[in-house]
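Q: Sequence:
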Amino acid sequence: MTDNRVRRWALRFMLGLLGLCLMAVLGLWLFLRGSLATLDGDVAGQGLHAEVIVNRDALGVPTVAGQDRDDLAYATGYLHAQDRFFQMDLMRRVAAGELAELIGPAALDIDRSHRFHRFRARAEAALAALSAQDRQLLDRYTAGVNDGLAALRSRPFEYGLLRLQPRAWQPADTPLVVWAMYFELQGNLERRELARGWLKAHSTPEQLAFLLPESTLHDAPLDVLTLNLPLAPASAPDWFARPSKPSAASQPFRSSVGSNNWAVAGSRSEHGVAIVANDMHLGIRLPHIWYRAVLQYPDGQGGQRQVAGVTLPGAPLVVAGSNGHVAWGFTNSYGDYLDLVELQRDPANPLRFKLPGGWETVRPRVESLLVKGQASETLTVLESSLGPIRELGGRYYAVHWVAHEPGAVNLALRGMEAATDLAQAQAVANRAGMPAQNMTAGDSAGHIGWTIAGPLPARDAEFAASFPYPAEASQLGWQGLRAPADYPRVNDPAAGQLWTANNRQLAGADYRKIGDGGADIGARAQQVRDDLSALGKTTEQGVYGVGLDDRALFLEPWRERALKVLTDSAVATRPQRAEFRRLLIEGWSGRASVDSVGYRLTRGFMHALYDELFAAADEQMAAEFEGADYALANPRWSAVAARLVDERPKGWLSEGRSWQALQLAAIDRVIGELTQGGRQLAEARWGARNTAAISHPFARFMPALKSWLSAPADELPGDEDMPRVAAPNFGQSERMVVAPGKEALGIFNMPGGQSGHPLSAYFLAGHEAWVRGDPTPFLPGPAEHTLRIVPAR
148 MTDNRVRRWA
158 LRFMLGLLGL
168 CLMAVLGLWL
178 FLRGSLATLD
188 GDVAGQGLHA
198 EVIVNRDALG
208 VPTVAGQDRD
218 DLAYATGYLH
228 AQDRFFQMDL
238 MRRVAAGELA
248 ELIGPAALDI
258 DRSHRFHRFR
268 ARAEAALAAL
278 SAQDRQLLDR
288 YTAGVNDGLA
298 ALRSRPFEYG
308 LLRLQPRAWQ
318 PADTPLVVWA
328 MYFELQGNLE
338 RRELARGWLK
348 AHSTPEQLAF
358 LLPESTLHDA
368 PLDVLTLNLP
378 LAPASAPDWF
388 ARPSKPSAAS
398 QPFRSSVGSN
408 NWAVAGSRSE
418 HGVAIVANDM
428 HLGIRLPHIW
438 YRAVLQYPDG
448 QGGQRQVAGV
458 TLPGAPLVVA
468 GSNGHVAWGF
478 TNSYGDYLDL
488 VELQRDPANP
498 LRFKLPGGWE
508 TVRPRVESLL
518 VKGQASETLT
528 VLESSLGPIR
538 ELGGRYYAVH
548 WVAHEPGAVN
558 LALRGMEAAT
568 DLAQAQAVAN
578 RAGMPAQNMT
588 AGDSAGHIGW
598 TIAGPLPARD
608 AEFAASFPYP
618 AEASQLGWQG
628 LRAPADYPRV
638 NDPAAGQLWT
648 ANNRQLAGAD
658 YRKIGDGGAD
668 IGARAQQVRD
678 DLSALGKTTE
688 QGVYGVGLDD
698 RALFLEPWRE
708 RALKVLTDSA
718 VATRPQRAEF
728 RRLLIEGWSG
738 RASVDSVGYR
748 LTRGFMHALY
758 DELFAAADEQ
768 MAAEFEGADY
778 ALANPRWSAV
788 AARLVDERPK
798 GWLSEGRSWQ
808 ALQLAAIDRV
818 IGELTQGGRQ
828 LAEARWGARN
838 TAAISHPFAR
848 FMPALKSWLS
858 APADELPGDE
868 DMPRVAAPNF
878 GQSERMVVAP
888 GKEALGIFNM
898 PGGQSGHPLS
908 AYFLAGHEAW
918 VRGDPTPFLP
928 GPAEHTLRIV
938 PAR
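For what it's worth, our numbering labels the leading residue of the sequence shown as 148, then goes sequentially.
Careful: at least some of the hints might be erroneous.
[As the list claims (entries may be wrong)] Keeping only pairs whose Cα atoms sit at most 30 Å apart, straight-line, the calculated DSS-like set for lysine-lysine is: (1) K501 to K347; (2) K684 to K347; (3) K711 to K797.
[To be verified] Listed next, with one range per pair, are the computed distances between beta-carbon atoms: (4) G824 to P859: 20 to 30 Å; (5) V371 to M849: 52 to 62 Å; (6) P875 to R804: 42 to 52 Å.
No lab work stands behind these hints, which were simulated from the structure alone. Heads up, the beta-carbon is just placed ideally off N, CA and C, and yes, glycines get one too.
The whole structure should be built from the sequences, with the hints applied where relevant.
A: Here it is in structure tokens:
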């Protein structure tokens with residue numbers, strides 16, 4: 148063969164290979180483009196009574212207008228499926244314990260833990276309890292989801308990467324989405340009880356009362372506050388402030404407690420209408436948890452109803468927002484909604500257990516866990532009348548969780564759409580089947596109020612109820628749910644303002660209707676309360692500004708403590724301590740600002756002090772109960788630590804160790820961590836620590852796609868103990884300020900866009916405004932795309 152022929156064949160081969168590569172790239176591009184939502188034109192909708200018009204604005208926010216509420220449920224399902232189906236699929240699988248079927252053995256631990264609760268079976272029971280009207284709404288939503296999914300030209304891109312086909316949506320999947328939120332919002336209650344039980348077993352009653360305080364100086368309840376701060380006992384528990392294994396980890400974001408809402412009455416607003424603000428703090432990822440929407444349909448009385456706010460993909464309802472008469476928002480209530488009840492097992496019959504009411508033969512339920520790429524495995528769940536039974540450390544506990552109760556999940560929140568005043572909205576909230584939340588609401592007449600939305604156990608949640616019930620307990624703290632008429636409420640306070648921030652909401656007798664399930668220390672609540680008081684008569688812009696307050700009021704005393712122990716003698720021969728002191732003075736901005744070194748050092752000092760005091764206990768707890776620690780047992784641990792270093796009780800430190808030496812050891816921990824690898828303390832800016840890490844779940848498993856599936860790595864101002872809560876992948880999942888009937892003046896932004904597809908213009912639309920804190924409109928702007936969903940022939 149001549150050289151020319153070789154060159155020609157080589158050229159043909161290279162051109163052919165290039166053509167194949169181009170075809171593969173084009174095919175992949177067309178496949179990915181095929182799973183983008185349809186934005187314009189006419190599509191047929193099965194079972195519609197009349198056409199539904201979907202107008203999308205520049206951010207992709209839809210206004211969905213129709214003549215029938217069931218038709219709007221169908222259209223909402225259609226939009227959710229086209230923009231967010233994979234997200235919906237993950238949520239139902241998380242709740243049901245079916246993730247391994249989708250992503251393989253790596254998810255088996257989650258599946259085993261969650262399948263234990265058998266929420267798919269409970270979802271079928273929840274469906275059977277729905278009214279005919281609610282079941283019809285859910286069926287129409289389900290039809291819309293499946294039609295929207297089928298209308299995509301190719302399956303959502305995630306299934307292409309997984310080489311799987313999506314599974315159709317079922318009516319029972321919507322309750323599962325709500326149970327996924329139970330895991331998100333109440334999923335730590337079981338480990339919290341175990342951690343508190345360990346502390347009770349290893350402390351005297353006096354020590355326990357001090358270490359697990361029911362009140363702190365930071366509390367900001369809505370009713371009268373009565374502080375009860377017990378004195379430190381003469382001696383500490385054996386486990387306290389003992390040497391622990393060295394930790395190379397940086398001071399973690401220990402708390403994921405979050406959510407603020409607040410309201411000012413019409414007497415405090417310039418237009419005379421109540422103003423409600425809400426920023427629900429959750430894990431932030433892509434796709435974003437919320438999906439904005441405006442629903443417009445006849446109100447049955449000759450007028451039009453408009454409901455605007457955020458929906459949860461997988462459900463046909465507006466979760467938080469405004470209907471023109473009432474605006475409402477939520478924060479997690481952190482009440483005591485779960486009991487662990489220790490059981491005695493009959494050695495002669497492994498299915499027979501002694502409960503507080505007597506012996507009971509439990510029912511074994513065999514669950515099949517499907518696993519992608521390998522054989523399925525079985526899980527046997529023992530169901531008692533108190534709930535499923537878990538074996539821990541050779542002991543047996545019934546998990547008595549409010550999420551297992553009939554009525555824990557329903558569609559009653561739908562009633563918020565038609566509520567015309569505060570009283571009606573609160574009545575709806577008290578019947579709603581959802582994780583118990585603080586609902587703050589206001590109406591167009593200027594009234595404001597707080598209550599609990601979601602099921603409450605029918606009991607007085609005393610301090611003793613926050614520990615596992617021993618095997619010899621004669622009775623339980625609760626059976627069944629509290630009647631809606633007996634829910635706590637605070638309405639129209641004299642100051643014309645309300646606030647909640649996951650703190651202890653009440654200090655009076657009604658507090659026992661909620662109890663303590665891990666309430667926040669209250670520093671955020673205090674700051675919100677005081678910011679509101681300073682506003683006087685105000686507007687939506689003023690109310691919005693409260694949520695961006697990143698002043699470090701909570702950490703300022705901790706900075707002063709650090710400076711107090713960094714005496715001239717303490718730093719004389721320790722240049723890094725001297726630099727630490729200098730930066731606390733010169734690098735302190737008074738805010739959790741991205742350029743503040745002093746803030747990061749102060750925060751590090753407080754968390755390192757936790758390690759000095761409680762790390763040894765954490766090691767012992769975790770060896771017995773995985774994931775348990777003192778911070779989980781007492782999220783208000785910093786109040787205990789502050790009292791210890793301020794009051795310096797005798798008998799709480801080993802002989803020869805002083806409180807000053809302990810605090811200096813904490814400072815040295817921070818110095819050691821921040822100067823690893825030759826770094827300088829002056830480089831330890833807060834923004835370098837608090838950098839956004841917001842991404843799609845696939846970004847972890849497919850690093851090559853990370854830049855495509857992630858938001859920019861912005862440095863974020865704010866932290867957990869101030870109104871502007873911000874962490875790398877946790878924080879303000881939306882910022883909403885709205886007055887009912889004045890929605891055009893409202894403000895809204897959120898960290899993720901409407902679409903879950905990286906090729907969509909709406910994947911990160913609005914993200915930059917959220918990072919900057921820019922006040923963008925609550926209502927959608929002019930329509931840029933119009934989709935008509937018309938009745939199929």
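Q: Decide, hint by hint, whether the structure agrees.
A: Evaluation of the provided hints:
Our distance criterion of 30 Å between C-alpha atoms is met by K501 and K347, whose separation comes to about 23 Å. Our distance criterion of 30 Å between C-alpha atoms is broken by K684 and K347, whose separation comes to about 48 Å. The suggested pairing of K711 with K797 holds, with an alpha-carbon distance near 20 Å, which does not exceed 30 Å. Between G824 and P859 the beta carbons are some 25 Å apart, a value that agrees with the proposed interval 20 to 30 Å.
Checked against the hint of 52 to 62 Å, the pair V371 and M849 passes, with Cβ atoms roughly 55 Å apart. Range check, P875 to R804: about 35 Å between beta-carbon atoms, so the 42 to 52 Å window is missed.
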